[in-house]
Each structure stands twice: as C-alpha cells, then as structure tokens.
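As given, the protein sequences belong to chains F and R, one line each in that order.
Residue numbers for the first sequence follow our numbering, so the first one is 1 and each next one is one higher.
Residue numbers for the second sequence follow our numbering, so the first one is 1 and each next one is one higher.
Simulated from the structure, these hints should not be mistaken for laboratory data.
Be a bit skeptical, because a hint or two may be false.
[Stated by the list, open to error] Derived DSSO-like pairs: lysine-lysine, alpha-carbon spacing no greater than 30 Å straight-line: (1) 136(F) to 17(F); (2) 220(F) to 167(R); (3) 178(R) to 166(R); (4) 17(F) to 47(F); (5) 21(F) to 268(F); (6) 220(F) to 172(R); (7) 167(R) to 92(R); (8) 92(R) to 21(F); (9) 136(F) to 21(F); (10) 150(F) to 220(F); (11) 150(F) to 136(F); (12) 21(F) to 47(F); (13) 220(F) to 166(R); (14) 220(F) to 136(F); (15) 92(R) to 17(F).
[Said to hold, decoys possible] Derived, one-sided and incomplete: chain F residues facing chain R with beta-carbon distance under 8 Å: (16) 20; (17) 21; (18) 26; (19) 32; (20) 72; (21) 111; (22) 181; (23) 183; (24) 207; (25) 219.
Using N, Cα and C, we set each Cβ at its ideal position, and we do this for glycine too.
One letter stands for each residue in the lines below.
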Amino acid sequence: MSTAPAQAVTWTPQDYKSDYKPIWCPGCGDYSVLSSVTKAFAALQLKPEDTVVVSGIGCSSRIPAYTSCYGFHGVHGRSLVAGTGLKIARPELTVVVAGGDGDGYSIGGNHFLHACRRNVDITYIVMDNHVYGMTKGQPSPTTEPDWVSKLSPGGTGVRTFHPLVIALAAGANFVARAFAGDPNGTAEMIAEAIRTPGFSFIEILSPCVTFRPEQREWKKVVHPASVQWTDDPARAARRVMTDDGFNVGVLYKGIRPPYQPPVGKARKRVADLEKEFAI
Amino acid sequence: MSPAKKKARRAPVTKKVVRKPATATRKVAPKRTPLKVVSTPAAASPASPIGSIDALMAYAFALEAEASERYSEFADAMETHNNREVAELFRKLARIENLHAEHILEEMGWSTAPPPPSSGWRWQGLEGPETAEHTDLHYLMQPYHALQIALHNERRAEAFFADLVKKAPSGKVRDAAKEMVAEETEHVRLVEEWLKRTPKPDSDWAVDLDPPRWAD
Numbered sequence: 001m002s003t004a005p006a007q008a009v010t011w012t013p014q015d016y017k018s019d020y021k022p023i024w025c026p027g028c029g030d031y032s033v034l035s036s037v038t039k040a041f042a043a044l045q046l047k048p049e050d051t052v053v054v055s056g057i058g059c060s061s062r063i064p065a066y067t068s069c070y071g072f073h074g075v076h077g078r079s080l081v082a083g084t085g086l087k088i089a090r091p092e093l094t095v096v097v098a099g100g101d102g103d104g105y106s107i108g109g110n111h112f113l114h115a116c117r118r119n120v121d122i123t124y125i126v127m128d129n130h131v132y133g134m135t136k137g138q139p140s141p142t143t144e145p146d147w148v149s150k151l152s153p154g155g156t157g158v159r160t161f162h163p164l165v166i167a168l169a170a171g172a173n174f175v176a177r178a179f180a181g182d183p184n185g186t187a188e189m190i191a192e193a194i195r196t197p198g199f200s201f202i203e204i205l206s207p208c209v210t211f212r213p214e215q216r217e218w219k220k221v222v223h224p225a226s227v228q229w230t231d232d233p234a235r236a237a238r239r240v241m242t243d244d245g246f247n248v249g250v251l252y253k254g255i256r257p258p259y260q261p262p263v264g265k266a267r268k269r270v271a272d273l274e275k276e277f278a279i
Numbered sequence: 001m002s003p004a005k006k007k008a009r010r011a012p013v014t015k016k017v018v019r020k021p022a023t024a025t026r027k028v029a030p031k032r033t034p035l036k037v038v039s040t041p042a043a044a045s046p047a048s049p050i051g052s053i054d055a056l057m058a059y060a061f062a063l064e065a066e067a068s069e070r071y072s073e074f075a076d077a078m079e080t081h082n083n084r085e086v087a088e089l090f091r092k093l094a095r096i097e098n099l100h101a102e103h104i105l106e107e108m109g110w111s112t113a114p115p116p117p118s119s120g121w122r123w124q125g126l127e128g129p130e131t132a133e134h135t136d137l138h139y140l141m142q143p144y145h146a147l148q149i150a151l152h153n154e155r156r157a158e159a160f161f162a163d164l165v166k167k168a169p170s171g172k173v174r175d176a177a178k179e180m181v182a183e184e185t186e187h188v189r190l191v192e193e194w195l196k197r198t199p200k201p202d203s204d205w206a207v208d209l210d211p212p213r214w215a216d
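Generate the whole structure from the sequences, applying the supplied hints.
Laid out in structure tokens, this is it:
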C-alpha cells in the first residue's frame, strides 16, 4: 500500500509565536525583537522542536514564553551557562540565548566573557535599554554616567560597559549591533548570526519607553555602519570604540572554529557521580 | 553544529536606516513624553523598481498584511494593559487591513500570499508604509491617538503608490498604481472622518496618579 508523499512544511513567523501575549509595556522595543526572532527562525526554516530560546531574568528575558520553541527561563545572569550546557549536550539543536543588559553584563558579566572565549556555537542577543526596567529603573552597566533619576541622583558617575569591545576582546566569532525599530533588518542579522558558526553576539538597542522615554528618539539617531564588517578584531574594536553608539550593522565575523566537546562516552555513570556528592 | 549553520555565509546585511546626525543623550529622566506620531517619514517606493502588475500587487498585499499583523500586536498589547477601548479599535483596524489584503488575493486570483522577492521586501523606510512603529504606543493612549496613527499610515501608503505612479516602467503598471493611490486616498478620507467623530483627548490624558515609573 502506498502512502501520500509527505508535504514539505513551510514555517511562517506566526508559527514561532506562542499563545501567550507579551506583557511588556506598550511601546517597548522588545515587541519588535520578538518579531525579529520569529522572522529569523522562519527565514531559516528552523523546526520549533529543534530550536531553543534560553533566557535569564528581566523584562526581555520573558521572551522564551512568547515563542512556540522549547524554552528555558533560567536564573538571573546565568542564561549563557544554561545555553552553553544545552548546546554541548544536544549539538543538533539551534540555541538562541536572550536577555537584557543588566542580566547579561552585570549579573551575568563573567559568563558573558567566558562564553565569548569558549566560542560554543550559540547565538546571544541582548536587548539593551541601558536600564533595569523590571525592577523600576536602576542604572545598568550600559547606563550613561550622567543619567539622573530618583534612583541615581546626580548620575552614577561610572564609566559605561562596552559590550561590543568586550565581546571582540574575549573572542566572540560574530559581533553586531542592531536596532529594535528595524525589525526586518534585525531579523536578517539574527539569521546571519545563527548561520555563522561559533559564538555570535548581537547587541540590540531596544528602547524602554517607561523608564527611559527619551529612547523613543533613538530611531532618529541610529544609522547604518558606513563600512562593511571586518575579520580583524582589532580593527573592529577601533571602529566601535570611536563610533557614536548608534552605528548598526555587522561589525565582525571571524573564522575561529567553534568549541567541540570531547567525543566518546562519559567515563562515569550518573550513579557514580551521585555517590561522589553523597554526604 | 546545527544544519542551518552549515549553510554558506552571506554578504553583510545592508541596513536601510536613514543617516541622521546624532544628538546628545538627555541627562535627566523627563517627566513624560507626550504621545505624537513620529514614525519614520519614509513611505516612498521600494528600492528596486516594480516591473509588473503582479509585483506591484504583491507589494500591495505585503503592505496590507504587515499592517494588519502590527495592529493585531497593538490590540494584544492594549488588551494586556486593560486599555480595552483602544484594543478594540486596533483590532478593528487589523480586520480592515486584513480585508484589504484578502481583497487583493481575490482580485489577483491568488490562493495564497505571494512570496517575497528573493531579496525580501524592499521598503524605503524600515518597514512597510502602513506599518506603525511599536514606540508609537502608550498605555494610556485614547482612540483619537490610535486613529492619528492610522491616518499617518494611510497617508504614507498613499505617498508610496503615488511615487510608484511616477516611477512605473509601463502604462499598465502606472494605471494599476493610480488605482491603488485612489484607494488609499479614500482610506485617508475615511480615517479623517472617523477622527472628526472621535473626541479629542484632554491635555492631561497621560497623567497617571499611580505611575509605574518611580519607586517612591
């Protein structure tokens, strides 16, 4: 008995959205980022069951729940740890780690450095709004030193963290800056990051309209990078150190092979490991 | 390595953001930003010329479908924040745009949505001319604001097709683009009338006695 040939499934961006509606503030840039993520997945025709979105804590870290892929909403700052472990254990999966500037650069700052260094084949997108939104507007590592609010009277006076330069110095294999207000351009960039082997990092400027309403004006100041990406990290770092912070585009693409875990069976059984930890 | 990552690398993405001089970052957190429609004023023609009626109508479909999807997202956001009146209005706008998209399919005898060109839809702005930006929303906005957004988008769509009339390579495409201009002009008129029937918000519409912003 013959069976009908299986029809190729075409995934649309809508297929990657879950039934849960985002609870982000109306006007938040993260809505656009969600749209970009689903468009990127559709462009690559990733099967939702083979795709995982991992996050930490914060407004932007709610994103796994809004996709129909597998998701892991982890501990504050530890999204890269979970994502890295998952990719090592299940290399056939596409792993996208997402979060905000507080989660990724402060609480998870150390993990960010070492994830770049290890160069495991995952994509990390950070929705950077220069503030801790979920906890009512405290300054984050990317907040300008002279940003004054009730929670930072007189400003922090602290130099801002420069994620793109840090990523370059630490060894990320793909480094880019995007703008949430350009969902189609951001989707293309996310797809390119997923396609590029190794640790890919995209800093997405994503306005917080509640605590940083002036960021609504970002759309007037972002502009495309005037030069193409380079494969020289020092050159890329020089460029980004001297730009205005609103240059968007792919900055760097390297050729470093991604980390490969040792091949072969584990030498110890789970029961043996448990025994070692027994009190 | 995932199968997707084995694919060849592509040329770097060319961004379509308009270059403008950077402005200094505001140093003091402002009290509140009044809502006004400040979407990208683009809305001219796509970067590549549209050479056939099929291509023109595919763009017209994409424009309407994208607008419908965005209004649906706006309706969801407003519903979540208990602004039911505006949610209902955005839902209605989404339905209207979806009807326009379906009408194009019917007119063209297409059973499914036309696929995007291999290089993707090329708008002169960041998105289609009828697609509102997420940052246009405010949780306390009123129907008048929502209709202002709709009017702004319809005007951009009108300008988009008017530009295509100028650049059309053939008489047939020009005539079809003219028809689209006429349709969009009618939409502009309808939204203008709708706005006239809608109460204007008070000047303190954005005042929230229990604002989410400060941790006092």
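Practice task
Sort out whether residue 92(R) lies within 30 Å of residue 167(R), counting only the CA atoms.
Solution key: Between residue 167(R) and residue 92(R) the Cα gap is close to 33 Å, so the pair fails against 30 Å, i.e. violated.
Practice task
Assess, step by step, whether the Cα of residue 136(F) is no farther than 30 Å from the Cα of residue 17(F), and give holds or violated.
Solution key: holds (27 Å)
Exercise for the section: Assess, step by step, whether the Cα of residue 150(F) is no farther than 30 Å from the Cα of residue 136(F), and give holds or violated. Expected result: holds (10 Å)
Handout entry: Hint status (Cβ of residue 20(F) to nearest Cβ of chain R, threshold 8 Å)
Key = violated (10 Å)
Problem - Pair hint outcome, residue 220(F) versus residue 172(R) [Cα-Cα no greater than 30 Å] - result: Given pair residue 220(F), residue 172(R) is violated - Cα atoms ~37 Å apart, limit 30 Å.
Practice task
Sort out whether residue 47(F) lies within 30 Å of residue 21(F), counting only the CA atoms.
Solution key: holds (21 Å)
Practice task
Tell me if residue 181(F) is really an interface residue toward chain R, meaning its C-beta lies closer than 8 Å to one of theirs.
Solution key: Hint on residue 181(F): holds, closest Cβ of chain R at ~6 Å, below 8 Å.
Exercise for the section: Would you check the hint for residue 92(R) and residue 21(F), treating anything up to 30 Å between C-alpha atoms as holding? Expected result: holds (18 Å)
Exercise for the section: Verify the interface restraint on residue 32(F): the C-beta must sit less than 8 Å from at least one C-beta of chain R. Expected result: holds (5 Å)
Practice task
Would you settle whether the hint for residue 26(F) is holds or violated, based on the nearest Cβ-Cβ distance to chain R being less than 8 Å?
Solution key: Holds - the Cβ of residue 26(F) comes within 8 Å of chain R, reaching about 4 Å at its closest.
Exercise for the section: Verify the proposed pairing of residue 92(R) with residue 17(F), using a straight-line Cα cut of 30 Å. Expected result: The given pair, whose Cα atoms are some 21 Å apart, holds under the 30 Å limit.
Handout entry: residue 219(F) as chain R interface residue, shortest Cβ-Cβ below 8 Å
Key = holds (7 Å)
Against the hints set out earlier in the document, violations occur for numbers 5, 6, 7, 16, 20 and 21.
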